[in-house]
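There are 2 protein chains.
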Amino acid sequence: MFNIFPLKGGLSNVDGFFCDGVNVGLKDGLDGDVAFIRSETPCDISAVFTTNKFRAAPIKHFLNYPKNFKSDFILINSKNANAMTGDLGIKDIEEILTNLQKSIKVQNPIMSSTGVIGYRLKKELIKSAFLKFDYQAKNSYKCARAIMTTDNFEKELSFKVTLENQKSFHIAAICKGAGMINPAMATMLCFIITDANIPKSDMDELLNSANEQSFNSISVDGDTSTNDTLLLMANKKSGIYDKEAFSVALDRLTKELALQILSDGEGSTKVVAFEVTGAKNDKEAQKASSALSNSLLVKTALFGEDPNWGRIASTIGASGVECLEESLLIKYDDLVIYSKEKTSLDEETEQKAFKIMKKDQFKISCNLGIGEGSYVSYGCDLSYEYVKINADYRT
Amino acid sequence: MFNIFPLKGGLSNVDGFFCDGVNVGLKDGLDGDVAFIRSETPCDISAVFTTNKFRAAPIKHFLNYPKNFKSDFILINSKNANAMTGDLGIKDIEEILTNLQKSIKVQNPIMSSTGVIGYRLKKELIKSAFLKFDYQAKNSYKCARAIMTTDNFEKELSFKVTLENQKSFHIAAICKGAGMINPAMATMLCFIITDANIPKSDMDELLNSANEQSFNSISVDGDTSTNDTLLLMANKKSGIYDKEAFSVALDRLTKELALQILSDGEGSTKVVAFEVTGAKNDKEAQKASSALSNSLLVKTALFGEDPNWGRIASTIGASGVECLEESLLIKYDDLVIYSKEKTSLDEETEQKAFKIMKKDQFKISCNLGIGEGSYVSYGCDLSYEYVKINADYRT
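Chains as they are written, first to last, in the working numbering: chain A, 1 to 395; chain B, 1 to 395.
Mixed in with the good hints there might be a few duds.
To be verified - Calculated cross-link-like contacts (lysine-lysine; reagent style DSS-like; alpha-carbon spacing at most 25 angstroms):
no.: 1; chain 1: B; residue 1: K53; chain 2: A; residue 2: K287
no.: 2; chain 1: A; residue 1: K287; chain 2: B; residue 2: K283
no.: 3; chain 1: A; residue 1: K388; chain 2: B; residue 2: K79
no.: 4; chain 1: A; residue 1: K53; chain 2: B; residue 2: K283
no.: 5; chain 1: A; residue 1: K340; chain 2: B; residue 2: K79
no.: 6; chain 1: B; residue 1: K355; chain 2: A; residue 2: K53
no.: 7; chain 1: B; residue 1: K359; chain 2: A; residue 2: K283
Hints in this document: simulated from the structure, not taken from any laboratory.
Chain A with its partners taken away, still in its complex shape:
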């Protein structure tokens, strides 16, 4: 038995970690644009990176460290992804992190970036942050604000996990990501810290499985960025660990953050769960479910709050999975909107469907009636605002 208690204050709850965010002029306004997370002792690090072939310089820099290296410092900047910058992009990171050592002694520092692709980092501005940081601060909010790009709100979450013997450990995270969110991660940075006494092998295993059921099952626009990073830092300071408890807490943490990203999807007004059951197998269920969460016609129908189930059916039919008109069943929440017996919408069903579609969150379920495969992915609608944000983003 164990209990998970949500705590206010994000990263600040985890023993032995410090964080801060400052503005050095990369971003206009009051929010920070450079942040750090550090531990007073070296940490084991696990990471999952983007599947994009053009990995950004910070990811290449990370991968240059020896396997199972320990680190006590992550430096993060927004506004510039340091991607498609070649060897110079890596040299820039090295120069910046060497300069950091003048302000604070760190071991194997990691850098992480998000923003526009194809521009060199403004090194001097970023270095100027080192004189502004409070290295003893626990400013989780400032840190979470500083890593935002098109996000509308900061994303931080933390849990205290108490075991049967009343001993406890903490796990907390900040993340960012609003557009380019796709089943294969996407412009998403998430930094998780813990004081649990978790072995490195469990870190790798549990982080991968948590990623699958969270960040890898959401889609804002079907694009996958060059910079996606999910990172777990463990300083073991509490001396306490229970694999099952940690796993449940980590899954819950990443799932909740993934849904926060989705509800903050660029221009999104609602979050929809696309549940596919009765598929030939889980893989086919995932294929159909992802096709739904990525379909422009489905996304615009959601925005228009139009119970046009024909677009749901058509998208499943086009996804390439095994399916039959005769065995398909489509529901909006608990309302059957299509079955073999009920093809055309009667007035009453249509009115009920309108009501469901007006909600901020609801579920569209499709039972293919073929086999036992199932999968749930999460998506959002596509609004004028999405087009506006992405037509204007760079300039």
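Starting from the known structure of chain A, fit chain B onto it as the hints suggest.
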């Protein structure tokens, strides 16, 4: 040697064919909503249909005819796709086509539908067209208008093909399709008629290859409908045929119509060719090229006329094809916008790129520098208007 002369008047140029379109009240306004194309003698028919698993009733009805059947009549309606309507949808077609025989004697009549999915046809309204049609008319324009859904303009094209001996045949087509246009066809109906003396085996072969390089290489929104139909009717009346001449004319006809569809893409303001060269093989080139023409982030950057080549690179990197940051070269028309030597945009290049992006049509070329594979697909931008059309379409 042969010559291809474009003619005004669409379908009306082909000997032995008649067509008309009338309004029976499915559509508001002056445009027709039911149309026919007929031949005075039975024709060989070749067809390519949607890959969507939920094929609409008219496609199922067509496939119930014996292989290599001949037909002299196509009936087409807009506003209702007669899709996901089960066996009743097919029975409705049979009832309508039986009724048609009271007005004109036809052989193996074909029906084709486009519009909203999931509603039964309004049979009595459609039947009322049979008393309004002028069966001796050559009203290509009215016919082309009647099959439109969200299209902004009718699409018709016809060629006279003259051989070396001065003998000639005709080929002409009408088509519709504005949204749901995807590399795998999509809500697209295209009816091609010819008086060339083409053998049935050539019809099948040449129609498939024409489809590949035209309708299968364009994308408006990545969706594939339940009703896509590309149909070729040959009455052989001219007695004239030359395979190469026919093939070139058919390819040109379908390619031009495909680009017309794209320039009429829902809310689209520009058409862009995405050329991928230097890929490992043609299949990988097609994969990368289609990823570009389907990417929301690329499409919104096109709409915003923002020379943000980072989104082009990121989309290629995410598409799963073999590629290297070091060997990639990106051009907008003839302007190099990214190469290993030139990562950040200088002011002059940026200004030139702005100018190119303001054009109605331009080309984005990506040389992956890996192998010999190449492919071109065509796409359009994503505007507020697309969201508006598709949020409102059904209601």
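Now the hints, each set against the structure:
1. B:K53 <-> A:K287: The given pair, whose Cα atoms are some 14 angstroms apart, holds under the 25 angstroms limit.
2. A:K287 <-> B:K283: holds (21 angstroms)
3. A:K388 <-> B:K79: violated (30 angstroms)
4. A:K53 <-> B:K283: Holds, because 17 angstroms separates the two Cα atoms, which is no more than 25 angstroms.
5. A:K340 <-> B:K79: holds (22 angstroms)
6. B:K355 <-> A:K53: violated (30 angstroms)
7. B:K359 <-> A:K283: violated (43 angstroms)
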